[in-house]
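All chains should be built: construct the whole structure from the sequences, respecting the hints.
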Amino acid sequence: MNQLLMLVISLFFSVTVCADWIEDSDKNAMVVLRSQAAFQPESIARAGLSEFDGDVFDLNANYTERQDANDRGLLVEMKKRLAAETHPKVKQDLEILIRSLNDEIETRRIDRKYMLPYFNVHRVMFGSFNALLDPRNDRERYAKALERLRKYNGSEDGFTPVTELAKARSRERFDVAGLAGPYKGELEKDLSDAPRYIAGVKAMFERVDLAGWQDEFTKLEDQLTEYSEWVSEEMLPRARQNNQLPAEVYANNLKNFGVRATPEELIAEAQYGYQFIRSEMKALAFRIAEDRGWEDKRLVPVMRKLKAEQIPQDEILDVYKDRLAQIEDIIRREDIITLPERDASIRLATEAESAAVPAPFMSPPQLINNTGQYGEFVLVQTNPSLEGDAIMDDWSHDAITWALTVHEARPGHELQFASLVENGTSLARALFAFNSANAEGWGLYAEAIMHEYLPQEAQLFNLFTRLMRAARMFMDPMINTGQLTPEQAVEFMIEQTALSLPMATSEADRYSF
Numbered sequence: 001m002n003q004l005l006m007l008v009i010s011l012f013f014s015v016t017v018c019a020d021w022i023e024d025s026d027k028n029a030m031v032v033l034r035s036q037a038a039f040q041p042e043s044i045a046r047a048g049l050s051e052f053d054g055d056v057f058d059l060n061a062n063y064t065e066r067q068d069a070n071d072r073g074l075l076v077e078m079k080k081r082l083a084a085e086t087h088p089k090v091k092q093d094l095e096i097l098i099r100s101l102n103d104e105i106e107t108r109r110i111d112r113k114y115m116l117p118y119f120n121v122h123r124v125m126f127g128s129f130n131a132l133l134d135p136r137n138d139r140e141r142y143a144k145a146l147e148r149l150r151k152y153n154g155s156e157d158g159f160t161p162v163t164e165l166a167k168a169r170s171r172e173r174f175d176v177a178g179l180a181g182p183y184k185g186e187l188e189k190d191l192s193d194a195p196r197y198i199a200g201v202k203a204m205f206e207r208v209d210l211a212g213w214q215d216e217f218t219k220l221e222d223q224l225t226e227y228s229e230w231v232s233e234e235m236l237p238r239a240r241q242n243n244q245l246p247a248e249v250y251a252n253n254l255k256n257f258g259v260r261a262t263p264e265e266l267i268a269e270a271q272y273g274y275q276f277i278r279s280e281m282k283a284l285a286f287r288i289a290e291d292r293g294w295e296d297k298r299l300v301p302v303m304r305k306l307k308a309e310q311i312p313q314d315e316i317l318d319v320y321k322d323r324l325a326q327i328e329d330i331i332r333r334e335d336i337i338t339l340p341e342r343d344a345s346i347r348l349a350t351e352a353e354s355a356a357v358p359a360p361f362m363s364p365p366q367l368i369n370n371t372g373q374y375g376e377f378v379l380v381q382t383n384p385s386l387e388g389d390a391i392m393d394d395w396s397h398d399a400i401t402w403a404l405t406v407h408e409a410r411p412g413h414e415l416q417f418a419s420l421v422e423n424g425t426s427l428a429r430a431l432f433a434f435n436s437a438n439a440e441g442w443g444l445y446a447e448a449i450m451h452e453y454l455p456q457e458a459q460l461f462n463l464f465t466r467l468m469r470a471a472r473m474f475m476d477p478m479i480n481t482g483q484l485t486p487e488q489a490v491e492f493m494i495e496q497t498a499l500s501l502p503m504a505t506s507e508a509d510r511y512s513f
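Numbering-wise (my numbering), the sequence shown opens with residue 1 and increments by one.
To be clear, the hints were calculated from the coordinates, so they are not data collected in a lab. A hint or two may mislead.
[Said to hold, decoys possible] In silico lysine-lysine, BS3-like type, Cα no more than 30 Å apart, as pairs:
hint: 1; residue 1: Lys91; residue 2: Lys113
hint: 2; residue 1: Lys79; residue 2: Lys151
hint: 3; residue 1: Lys184; residue 2: Lys255
hint: 4; residue 1: Lys144; residue 2: Lys27
hint: 5; residue 1: Lys113; residue 2: Lys27
hint: 6; residue 1: Lys89; residue 2: Lys79
hint: 7; residue 1: Lys91; residue 2: Lys79
hint: 8; residue 1: Lys282; residue 2: Lys305
hint: 9; residue 1: Lys89; residue 2: Lys144
hint: 10; residue 1: Lys189; residue 2: Lys202
hint: 11; residue 1: Lys189; residue 2: Lys167
hint: 12; residue 1: Lys307; residue 2: Lys297
hint: 13; residue 1: Lys144; residue 2: Lys202
hint: 14; residue 1: Lys189; residue 2: Lys219
hint: 15; residue 1: Lys255; residue 2: Lys27
hint: 16; residue 1: Lys297; residue 2: Lys282
hint: 17; residue 1: Lys255; residue 2: Lys89
hint: 18; residue 1: Lys307; residue 2: Lys321
hint: 19; residue 1: Lys282; residue 2: Lys189
hint: 20; residue 1: Lys167; residue 2: Lys144
hint: 21; residue 1: Lys89; residue 2: Lys113
hint: 22; residue 1: Lys167; residue 2: Lys151
hint: 23; residue 1: Lys184; residue 2: Lys219
hint: 24; residue 1: Lys79; residue 2: Lys113
hint: 25; residue 1: Lys189; residue 2: Lys27
hint: 26; residue 1: Lys307; residue 2: Lys282
hint: 27; residue 1: Lys151; residue 2: Lys202
hint: 28; residue 1: Lys89; residue 2: Lys151
[Stated by the list, open to error] Derived Cβ-Cβ restraints for the label pairs, each shown as a range:
hint: 29; residue 1: Thr107; residue 2: Thr218; range: 31 to 41 Å
hint: 30; residue 1: Trp294; residue 2: Glu229; range: 50 to 60 Å
hint: 31; residue 1: Asp20; residue 2: Arg292; range: 54 to 64 Å
hint: 32; residue 1: Asp322; residue 2: Tyr250; range: 40 to 50 Å
hint: 33; residue 1: Glu229; residue 2: Glu452; range: 49 to 59 Å
hint: 34; residue 1: Ser232; residue 2: Glu422; range: 19 to 29 Å
hint: 35; residue 1: Gly482; residue 2: Ala211; range: 49 to 59 Å
hint: 36; residue 1: Gly482; residue 2: Glu309; range: 37 to 47 Å
hint: 37; residue 1: Arg304; residue 2: Ser192; range: 24 to 34 Å
hint: 38; residue 1: Gln244; residue 2: Glu290; range: 24 to 34 Å
hint: 39; residue 1: Gln456; residue 2: Pro135; range: 31 to 41 Å
hint: 40; residue 1: Glu422; residue 2: Arg207; range: 27 to 37 Å
Just so it is clear, the structure is predicted and the values come from calculations on it, not from any experiment. Don't be surprised by glycine CBs; every beta carbon is placed ideally from N, CA and C.
Okay, structure coming up:
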């Protein structure tokens, strides 16, 4: 009895200590967040600090110099706190904050040294209002969208239209010799997507129906339309014809995604991994063809025959929900991981979301002041930027539904973000240490622990998602170092991995800009 009592006390004490150090760490992170909100309030509000819902990002003159000065002041303060801190985890979090601040200062330095400023204002507007008017947010936050709208279009006293600020920040660097303009393909895609983003913002305001939004939106819409014309006239002639970035810019981009290897190291390791995974897939495809009585047992033909087993468009959402239920049954039966009692959320993407992210994705919840919001698995079925037939067949066939649900929902990203909210993760780790490498690591782990329990057709496409990551790992650096063109990458993915043209184009765009 005494041993049990001591165990309960020790567990309680451990939780209390954990909560204490996280609380102390978060005080440091909040100093950084609130200070940086002067320059990027939308991203801070998206994280959950609703006090910044009505504010807009700073594109006024000398904004990079002012951000640098602000972040250097934060560096001094965080280093002072680090010197005085004794708790090892709080110290580690302070080191995360310091590294993040240094990385941001360095990124601005590199971009200013090499790149002509360009702003995809349409996409920024869509992302801003998509976050603020998210149905998962408390409805009382929506009213601030009108304030934000008036600041963007310049109706609010003291504010200049965001389109004019964007033009001014680009124009003031036109005469600086040696700057690389935006990639022509990126500009063409942005101009093609611009009407979709405008329509997406309009649809959000129609849904929430705030009083007086129509005239303010029309004003912004006219400004955005004129901005597209300006981009065509002023930025397109200054665009670079190939996608290659200056080497220092590309290396810094990799670092910001969590990759610290050189392009040469990435290519060598990924090409080996690609061949290894493909060999495993070929053996599995042969067995599937044998079982099904198919004459052609080669990998790509087998994949294409399985992809032909398409789910009707009006049934896709229901099929994915059913597949999630089957996966959860396996998880419980095999005691793989503890599942929440609540259901996971799956929905279809809007056209504007598909333009912004033309592949299925996880929409994470707010991590600060969370009142019960959870992540959403968002299904994307089209690449609207592609002329002609933009429908993907890559995510709407039966065999892929297992791998995609495992990765994006459970036990993948949906549980990953739920754990950040529910289990108590410091803001330094959840926000400032976040990057694609550590986030996607969990998705890949989820696929690995579920693999043996999936039907063999699902196993083939579970391996396919791993194959695509290996392909991405060598094609991205090859494209960005001039060893491969985006067009060659599209051709390779269609012929060697059975991707559709819309999805292969989306992937190549991801590598290129």
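Okay, the hints, checked on the actual structure:
Using a Cα cut-off of 30 Å, the hinted pair Lys91 and Lys113 is violated, with the two alpha carbons roughly 33 Å apart. Distance restraint check for Lys79 and Lys151: the Cα-Cα separation of roughly 35 Å exceeds the 30 Å cut-off, and the hinted pair is therefore not satisfied. Between Lys184 and Lys255 the alpha-carbon distance is near 24 Å, which keeps this suggested pair within the 30 Å criterion. Our distance criterion of 30 Å between C-alpha atoms is met by Lys144 and Lys27, whose separation comes to about 26 Å.
A hinted pair counts as satisfied when its Cα atoms are at most 30 Å apart, and Lys113 with Lys27 does not qualify at roughly 34 Å. Only pairs whose Cα atoms come within 30 Å are accepted, and Lys89 paired with Lys79 is accepted, the gap being roughly 15 Å. Proposed proximity of Lys91 and Lys79 is supported: the alpha carbons are some 10 Å apart, at most 30 Å. Between Lys282 and Lys305 the alpha-carbon distance is near 14 Å, which keeps this suggested pair within the 30 Å criterion.
Between Lys89 and Lys144 the alpha-carbon distance is near 37 Å, which puts this suggested pair outside the 30 Å criterion. With a CA separation close to 20 Å, the supplied pair Lys189 and Lys202 stays within the 30 Å bound. Our distance criterion of 30 Å between C-alpha atoms is met by Lys189 and Lys167, whose separation comes to about 19 Å. Simply put, Lys307 and Lys297 have alpha-carbon atoms about 15 Å apart, close enough for the 30 Å limit, and the pair holds.
Restraint check for Lys144 and Lys202: the C-alpha separation of about 16 Å stays at or below 30 Å, so the hint holds. A threshold of 30 Å between alpha carbons decides the hint, and for Lys189 with Lys219 the separation of about 24 Å falls inside it, so the pair holds. Among the hinted pairs, Lys255 with Lys27 is consistent with the structure: their alpha-carbon atoms are about 27 Å apart, no more than 30 Å. Of the pairs offered as hints, the one joining Lys297 and Lys282 holds, with about 9 Å between alpha carbons and a cut-off of 30 Å not exceeded.
Proposed proximity of Lys255 and Lys89 is supported: the alpha carbons are some 24 Å apart, at most 30 Å. Restraint check for Lys307 and Lys321: the C-alpha separation of about 19 Å stays at or below 30 Å, so the hint holds. About 36 Å separates the Cα atoms of Lys282 and Lys189, which puts this hinted pair outside 30 Å; it is violated. Restraint check: the Cα-Cα separation between Lys167 and Lys144 comes to about 26 Å, which is no more than 30 Å; the hinted pair holds.
Of the pairs offered as hints, the one joining Lys89 and Lys113 is violated, with about 36 Å between alpha carbons and a cut-off of 30 Å exceeded. Between the alpha carbons of Lys167 and Lys151 the distance comes to roughly 16 Å, so the proposed pair stays at or under 30 Å and holds. For a cut-off of 30 Å, the pair hint linking Lys184 to Lys219 stands: about 28 Å separates their Cα positions. For the given pair, Lys79 sits about 27 Å from Lys113 by alpha-carbon distance, which is consistent with the 30 Å threshold.
A threshold of 30 Å between alpha carbons decides the hint, and for Lys189 with Lys27 the separation of about 41 Å lies outside it, so the pair is violated. Pair hint Lys307 plus Lys282 holds up; C-alpha atoms about 16 Å apart against a cutoff of 30 Å. A C-alpha spacing of about 17 Å is found between Lys151 and Lys202, which places the hinted pair at or below 30 Å, so the restraint holds. The hinted pair formed by Lys89 and Lys151 fails the criterion: a straight-line CA distance of about 40 Å is larger than 30 Å.
A hinted range of 31 to 41 Å holds for the C-beta pair Thr107 and Thr218, which are about 36 Å apart. One distance hint, 50 to 60 Å for the beta-carbon pair Trp294 and Glu229, holds here, with the actual separation near 54 Å. For the pair Asp20 and Arg292, the supplied restraint of 54 to 64 Å holds, since their beta-carbon distance comes to about 59 Å. Checking the proposed 40 to 50 Å range against Asp322 and Tyr250 shows it holds: the Cβ atoms sit about 43 Å from each other.
One distance hint, 49 to 59 Å for the beta-carbon pair Glu229 and Glu452, holds here, with the actual separation near 56 Å. The supplied range of 19 to 29 Å is broken by Ser232 and Glu422, whose beta-carbon atoms lie about 48 Å from each other. Between Gly482 and Ala211 the beta carbons are some 54 Å apart, a value that agrees with the proposed interval 49 to 59 Å. Distance hint check for Gly482 and Glu309: the Cβ-Cβ separation is about 40 Å, which falls inside the suggested range of 37 to 47 Å.
The hinted range of 24 to 34 Å is satisfied by Arg304 and Ser192, whose Cβ atoms lie roughly 29 Å apart. For Gln244 and Glu290, the hinted distance range of 24 to 34 Å is not satisfied, since their beta carbons lie about 45 Å from each other. For Gln456 and Pro135, the Cβ-Cβ distance of about 38 Å falls inside the hinted range of 31 to 41 Å, so the restraint holds. Between Glu422 and Arg207, the C-beta spacing of about 29 Å keeps the proposed range 27 to 37 Å intact.
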